[in-house]
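A.B. asks: Sequence:
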Amino acid sequence: MYKINDYEIIYLIKDHFHEDAFAFMLKKYEKFIWKNIHLLYVDEDNKYDFYQESIIMLHKAIQTFDECYNKTFTRYFELILKRRLYSLKKEVNHYVLKEPSFFYQLESPSTQKEDVVIQFDDERKQKVYELYFDSHRSIKYISETLQLTKKQVYNTIYLIKQKIKEEIS
1 MYKINDYEII
11 YLIKDHFHED
21 AFAFMLKKYE
31 KFIWKNIHLL
41 YVDEDNKYDF
51 YQESIIMLHK
61 AIQTFDECYN
71 KTFTRYFELI
81 LKRRLYSLKK
91 EVNHYVLKEP
101 SFFYQLESPS
111 TQKEDVVIQF
121 DDERKQKVYE
131 LYFDSHRSIK
141 YISETLQLTK
151 KQVYNTIYLI
161 KQKIKEEIS
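In the working numbering, the protein residues as written are 1 to 169.
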């Protein structure tokens, strides 16, 4: 029985885009892909997106792989995959922190942000609200401007979010 190595399969995919060869490579590296996704503790909602992106990275690794650098394809693919998954994880976390999901309710067509006026009895909450939600200032900027610690700013933002949730409900 003749065994086909990765280099022959890569050749089939690169030069002839042989679909069966790509399906074989995907089957071969599927567990490896899922292992790397699980290692990042990706939310259930995002796992399939990460998997799709990994398939794209497998195709990219096959297209850009060059065996003259004395690296195995597996190591090359691992490097590309991990870099992309880490950057995706960072993007997802950044997105979640930047745009709180409940805040979209304020900007829905039925309720415009300008229509919702929230007043706080605490002056600090009011200033943090204006700087963080209205002006989109960073936590660092707010803490320096209002002479608060970052923890105080985060705590105040949490309290503001609770107040907004109450107002929306």
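Hints should not be assumed to be uniformly reliable.
To be verified - 25 Å max Cα-Cα, derived DSS-like pairs, lysine-lysine:
hint, residue 1, residue 2
1, Lys31, Lys90
2, Lys82, Lys14
3, Lys127, Lys161
FYI, nobody ran anything at the bench for these hints, they're computed from the structure.
A.B. asks: Hint compliance check: list the failing hint numbers for this structure, sorted ascending.
C.D. replies: none
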